[in-house]
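Engineer: Given chain A, put chain B in place with the hints provided.
2 protein chains.
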Amino acid sequence: MADLYCVGVDLGGTNIKAGLLDEGAKVVGNISVPTEVDRGTQAVVDNITEAAERVMREAGVDRGKVVGIGIGSPGPMSHRRGLVINPGNLPCMKNVPLRDIVAERTGIPTTLENDANAAAWGEFWAGAGRDVSDFVMFTLGTGVGGGVVVNGRLLRGHFENGAELGHMIVQPGGRRCSCAQHGCVEAYSSAYNLARRAEEMVAEGRPSSLKKRVDAGELLMAEHIVEAAQAGDALAEQVWDEACYYLGVAMVTMQHMSNPQRVVLAGGLIAAGDFLLSRVRSHASKLTWNLLNDLPEIQFATLGNDAGFIGAAGCAWEARRTGEW
Amino acid sequence: MADLYCVGVDLGGTNIKAGLLDEGAKVVGNISVPTEVDRGTQAVVDNITEAAERVMREAGVDRGKVVGIGIGSPGPMSHRRGLVINPGNLPCMKNVPLRDIVAERTGIPTTLENDANAAAWGEFWAGAGRDVSDFVMFTLGTGVGGGVVVNGRLLRGHFENGAELGHMIVQPGGRRCSCAQHGCVEAYSSAYNLARRAEEMVAEGRPSSLKKRVDAGELLMAEHIVEAAQAGDALAEQVWDEACYYLGVAMVTMQHMSNPQRVVLAGGLIAAGDFLLSRVRSHASKLTWNLLNDLPEIQFATLGNDAGFIGAAGCAWEARRTGEW
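Residue numbers (numbering that gives the first Met the number 0), protein chains in the order written: chain A, 0 to 324; chain B, 0 to 324.
Isolated chain A, as found in the complex (with noise of 0.2 Å):
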């Protein structure tokens, strides 16, 4: 078993990253690439191939001693077919059978794993729940992504669009999301969402801070709302809390679903600090039945930007464990 490797790679919009880890997770090498989404389907499958040779030659391993490779692709795409099928940022890379061009190429077994479930495969692997065995991950971003882990292994669901719990509904007949459903956690609890809904307040006359902002053109951030917010600036003291309040209603309903030993968040939205995961854990706490102690821990990621490259090597580990080459 000594001295083996994985290589894991995250495949993002504008980025590649690439990443050669032992079976302990420690990372020997690691870089990061262009996409180039733009130059089509063939330069992006070279990229990737390129970027996985590259960590290789630039760690110094002898590439015999490299025994999988894994890739985190956006969905929609198929563990099962190891295909990328339809990813919003990738268009070039519509129904690419990417699993086994790569392993072709490389002549190393690959799999492909769904990017949030990666990067939750990696917190649950090698970061923040490193020690339990029933894990569930939020990515707060522009949406709200979710890994999940039960007794071990990586939930992916019949038709492989499991752990999609930004778009479990917390609100029926709530906020509008951008997948056309009504009241969906994201709607209320992603980055993008909720500087959305505070332009939204200031378009309909709510008075706030942010009215200048919003008045000078400025497409408003989460940070900024967190700052107005923390300031006593109503209107942003409202969307932040509802934003956590939402993630404290899909926190509990996860507790009597999945019944995780730890929930943790990630995401841009962490930057925020205590300010989130105090607020989200105590709406937690009140929302939650008092009928049996299991609430799960809140805790934030710690892997942060590395969690997808990381992960999908350890799916990559993984694979092997468990025979799926």
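Mixed in with the good hints there might be a few duds.
According to the in silico footprint, chain B covers these stretches of chain A (three or more CB under 8 Å from chain B) [stated by the list, open to error]:
hint, segment
1, 33-45
2, 141-150
3, 154-163
4, 167-181
5, 244-253
6, 304-310
7, 313-323
When the alpha-carbon atoms are kept at most 20 Å apart in a straight line, the in silico SDA-like pairs for lysine to any residue are as follows [said to hold, decoys possible]:
hint, chain 1, residue 1, chain 2, residue 2
8, B, Lys93, A, Asn289
9, A, Lys285, B, Ala42
10, B, Lys210, B, Glu198
11, B, Lys93, A, Leu290
12, A, Lys285, B, Lys285
13, B, Lys285, A, Gly173
14, B, Lys93, A, Asn292
15, B, Lys285, A, Cys178
16, A, Lys93, B, Leu291
17, B, Lys93, B, Pro33
18, A, Lys285, B, Pro171
19, B, Lys285, A, Arg175
20, A, Lys285, B, Gly173
21, A, Lys285, B, Arg174
22, B, Lys285, A, Arg174
23, B, Lys285, A, Ser177
24, B, Lys285, A, Pro171
25, A, Lys93, B, Lys93
26, A, Lys93, B, Asp293
27, B, Lys285, A, His181
28, A, Lys93, B, Leu290
29, A, Lys211, A, Ala230
30, A, Lys93, B, Asn292
31, A, Lys285, B, Ser177
32, B, Lys285, B, Gly267
If you are wondering where the hints come from, they were derived from the structure by calculation, not from laboratory data. All values derive from a computational prediction rather than experimental measurement. Heads up, the beta-carbon is just placed ideally off N, CA and C, and yes, glycines get one too.
Structural biologist: Frame of chain A, contents of chain B only:
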């Protein structure tokens, strides 16, 4: 493998049901005996053991061919520790290590499972979920129970309270549930609660054909609501439609969570037939996203009250298969 059997025991507050099943889920014998809760712990434990012994004896099966016993117990309980902890309807069964007691008395390996999980496993193994690998069951009775199968394995969770689907929050700040949360699906969609909601609305002075029954001191039943809604009573129609609507919300959240191929409805309320099923399907279809076509099939369970002992026997077969013993 041929000619081997497992016993399944469904421990209820009133009756103990036991069955003897082969590995293909064929029921070769089954009985029902009173639980006799009021006679205390020893009597109940004796009745459980005797039910298992009797079903083997009466089927004329050599006990050397019985390779396992599965017991479905009301929660809270621990599968891992084989412990009945504190079931509301079995007050004498506090902290009883039932698994080990039964295993010792019978000399047959025994497993203990949550009764809602066992019933869901029954439908998954031998009923409406027989041909799928990702499966969810909602049991609509006095409460709303649940069971979730992920990739062919029962979801239990870290605290062993997974799949408590009745307590998913579908209306934050909504109707108070017996668990002290607000807006649980159980608070709207259980047989018990939809009758209570109708009574509350009658008490508020809302006109309804149900008022006659309430005034006569009758306790409203779910079937009264169904009957009145079908006859065009507006109050009953509202209560019924909301019960179905919140089940639809729960379906969509489960779609995004465990992403099952099929969700099955079970319990007394399914006597309402298509008046329930088509209404729930219709709400779920309207509530779901249009990003991906992954709404699960929604169907009725097929095993009725036998799901409990069938599933308990199935849990024993599964314990054997997975090397629990």
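Engineer: Has the given pair, B/Lys93 with A/Asn292, been kept, meaning a C-alpha gap of at most 20 Å?
Structural biologist: 17 Å, holds
Engineer: Compare the distance between the alpha carbons of A/Lys93 and B/Asn292 with 20 Å, and conclude whether the hinted pair is satisfied.
Structural biologist: 17 Å, holds
Engineer: Would you check chain B against the segment 154-163 of chain A, counting CB to CB pairs closer than 8 Å, and say if three or more residues qualify?
Structural biologist: It holds, with 10 qualifying residues against the three required.
Engineer: Check the hint pairing B/Lys285 with A/Arg175 against an upper bound of 20 Å on the C-alpha distance.
Structural biologist: 13 Å, holds
Engineer: Has the given pair, A/Lys285 with B/Arg174, been kept, meaning a C-alpha gap of at most 20 Å?
Structural biologist: OK: A/Lys285 and B/Arg174 at ~15 Å, within 20 Å.
Engineer: Hinted pair, alpha-carbon criterion (20 Å max): B/Lys285, A/Ser177. Please report holds or violated.
Structural biologist: 15 Å, holds
Engineer: B/Lys93 and A/Asn289 were given as a pair; does the straight-line alpha-carbon distance stay at or below 20 Å?
Structural biologist: 18 Å, holds
Engineer: What's the verdict on B/Lys285 and A/Pro171, does the C-alpha distance respect the 20 Å limit or exceed it?
Structural biologist: Roughly 11 Å between the alpha carbons, so the hint for B/Lys285 and A/Pro171 holds.
Engineer: Can you tell me if the segment 304-310 of chain A counts as covered by chain B, using C-beta to C-beta distances under 8 Å and a minimum of three residues?
Structural biologist: Since 0 is below three, the answer is violated.
Engineer: Taking 20 Å as the top limit, are the C-alpha atoms of A/Lys211 and A/Ala230 close enough?
Structural biologist: Within the cut-off at roughly 15 Å; holds.
Engineer: Taking 8 Å as the Cβ threshold, is the statement that the segment 244-253 of chain A is covered by chain B upheld or broken by the three-residue rule?
Structural biologist: holds (count 6)
Engineer: Given the hint that A/Lys285 pairs with B/Ala42, test it: the Cα-Cα distance must not exceed 20 Å.
Structural biologist: Distance of about 41 Å is beyond 20 Å: violated.
Hint check: violations occur at hints 1, 6, 7, 9, 12, 25, 32; the rest are consistent with the structure.
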